[in-house]
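Asks: Residues per chain, in single letters:
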Amino acid sequence: MKDIDISNINKDFESRVRLGIMSILMVNEWVNFNDMKQMLELSDGNLASHTIALEGKNYIEVRKAFVGRKPETSYRATVAGKLSFQKHIEALAALIGKG
Amino acid sequence: MNKYENDLTHIRQMMERSSTFISLSGLSGVGAGLVALAGCALTFYILAQYQIDYFDGKPNYYSYEVLIQLAIVAISTLVLALASGVYFTVKKSKKLGHPLWSTATKNTIKSAAIPLVTGGLFCIIVTWHHLFYLVAPSMLIFYGLALVSASKYTQSDIFWLGLCELTLGLLAAVSVGYGLVFWGIGFGILHIVYGIWMYQKYK
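Chains A and B are the protein sequences, given in the same order. Just so we're aligned, residue 43 is where the first sequence starts under our numbering, counting upward by one. Just so we're aligned, residue -17 is where the second sequence starts under our numbering, counting upward by one.
Since the hints were made in silico from the structure, they are not lab data. Accuracy of the hints is not assured; some may be wrong.
Derived CB-CB ranges, DEER-like [to be verified]:
id	chain 1	residue 1	chain 2	residue 2	range
1	B	F26	A	V121	32 to 38 Å
2	B	T(-9)	A	E103	25 to 31 Å
3	A	A90	B	I96	32 to 38 Å
4	B	V175	A	A107	42 to 48 Å
5	A	G87	B	S138	46 to 52 Å
Here are the simulated SDA-like cross-link-like pairs (lysine to any residue), alpha carbons at most 20 Å apart as the crow flies [unchecked claim]:
id	chain 1	residue 1	chain 2	residue 2
6	B	K88	A	L82
7	B	K88	A	K129
8	A	K79	B	Y44
9	A	K124	B	M(-3)
10	A	K124	B	E(-2)
11	B	K88	A	K124
12	A	K124	A	R105
13	B	K76	A	N76
14	A	K129	B	K134
15	A	K112	B	W83
16	B	K74	A	E83
17	A	K124	B	H(-8)
18	B	K76	A	L82
19	A	K129	B	E(-13)
20	A	K79	B	E(-13)
21	B	K(-15)	A	R105
22	A	K53	B	W83
23	A	K53	B	K(-15)
24	A	K79	B	N89
25	B	K88	A	R118
26	B	K88	A	R58
27	A	K79	B	L78
28	A	K53	B	N(-12)
29	B	K134	A	A107
30	A	K79	B	C146
31	B	K(-15)	A	E56
32	B	K76	A	T115
33	B	K(-15)	A	K112
Ideal Cβ placement from N, Cα and C applies to all residues, glycine included.
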């Protein structure tokens, strides 16, 4: 049992920022870059580097659209991303239960 | 172990903060309630001036002049109540340091707006048909529906306020002729009670 729990701890979600991004996308559909930045209190560069990493792993998808004349980037968790993150949360909970 | 616990707390916080419009202030409710009561009082005053007895049980045929005055009172009440709601909520969100215009705020407004706009238009139609006795019940019912629908995205307690408004609306529809009284209870007194209660709870 214990081995399974630890193997479910996902290294991809270890950073605070990624935890935050995934948490927000678990409970919201599309969230745009500025809202995300405000909620996580991050700089543009910091947020961008983490979303690119998560997108690369196929945990989130990116949509670029024009709102008026301004380009707007929004994010949404993929099904795979939600599943992986759910597993990660369960693993964390299980580990705490044992500690 | 501590890191895992911190992680979980962080996850929970971010989920909550991003999906709930928490800056809604109890004082907004109190402000809106006071404005509503003032609006009610003013309405009775105008009716009294034209020697109309609101409770005489007869169908009311108001003159154009009276209707205009009542409409002005209604619109000012709406604007002032909204303004006080926005004012206290903006203040609270600044105090908490939360972004005001977040996804959660937009979702709250969006889910409340559909029943509200429908209700508003319905009330205009009802007025157009001269079915004045249905205006107050309709406002209460649609407002209740709006609160129930918005409660997913903000303080869940709003759900109960919504149910109370709905019930009052239905009662008002049954007891034709007492619309204004139910309206005063629903938009005035309930808001004030709810506002004080929320203010204490989330202080």
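Asks: Evaluate each hint against the coordinates.
Replies: To see whether the hints hold, each was checked on the structure:
{"no.": "1", "hint": "B:F26 to A:V121: 32 to 38 Å", "verdict": "violated (58 Å)"}
{"no.": "2", "hint": "B:T(-9) to A:E103: 25 to 31 Å", "verdict": "holds (27 Å)"}
{"no.": "3", "hint": "A:A90 to B:I96: 32 to 38 Å", "verdict": "holds (35 Å)"}
{"no.": "4", "hint": "B:V175 to A:A107: 42 to 48 Å", "verdict": "holds (44 Å)"}
{"no.": "5", "hint": "A:G87 to B:S138: 46 to 52 Å", "verdict": "violated (37 Å)"}
{"no.": "6", "hint": "B:K88 to A:L82", "verdict": "holds (18 Å)"}
{"no.": "7", "hint": "B:K88 to A:K129", "verdict": "violated (30 Å)"}
{"no.": "8", "hint": "A:K79 to B:Y44", "verdict": "violated (55 Å)"}
{"no.": "9", "hint": "A:K124 to B:M(-3)", "verdict": "holds (13 Å)"}
{"no.": "10", "hint": "A:K124 to B:E(-2)", "verdict": "holds (17 Å)"}
{"no.": "11", "hint": "B:K88 to A:K124", "verdict": "violated (23 Å)"}
{"no.": "12", "hint": "A:K124 to A:R105", "verdict": "holds (17 Å)"}
{"no.": "13", "hint": "B:K76 to A:N76", "verdict": "holds (18 Å)"}
{"no.": "14", "hint": "A:K129 to B:K134", "verdict": "violated (25 Å)"}
{"no.": "15", "hint": "A:K112 to B:W83", "verdict": "holds (18 Å)"}
{"no.": "16", "hint": "B:K74 to A:E83", "verdict": "holds (19 Å)"}
{"no.": "17", "hint": "A:K124 to B:H(-8)", "verdict": "holds (17 Å)"}
{"no.": "18", "hint": "B:K76 to A:L82", "verdict": "holds (17 Å)"}
{"no.": "19", "hint": "A:K129 to B:E(-13)", "verdict": "holds (15 Å)"}
{"no.": "20", "hint": "A:K79 to B:E(-13)", "verdict": "violated (24 Å)"}
{"no.": "21", "hint": "B:K(-15) to A:R105", "verdict": "violated (33 Å)"}
{"no.": "22", "hint": "A:K53 to B:W83", "verdict": "violated (33 Å)"}
{"no.": "23", "hint": "A:K53 to B:K(-15)", "verdict": "holds (13 Å)"}
{"no.": "24", "hint": "A:K79 to B:N89", "verdict": "holds (18 Å)"}
{"no.": "25", "hint": "B:K88 to A:R118", "verdict": "holds (17 Å)"}
{"no.": "26", "hint": "B:K88 to A:R58", "verdict": "violated (26 Å)"}
{"no.": "27", "hint": "A:K79 to B:L78", "verdict": "holds (17 Å)"}
{"no.": "28", "hint": "A:K53 to B:N(-12)", "verdict": "holds (16 Å)"}
{"no.": "29", "hint": "B:K134 to A:A107", "verdict": "violated (27 Å)"}
{"no.": "30", "hint": "A:K79 to B:C146", "verdict": "violated (38 Å)"}
{"no.": "31", "hint": "B:K(-15) to A:E56", "verdict": "holds (10 Å)"}
{"no.": "32", "hint": "B:K76 to A:T115", "verdict": "violated (26 Å)"}
{"no.": "33", "hint": "B:K(-15) to A:K112", "verdict": "violated (40 Å)"}
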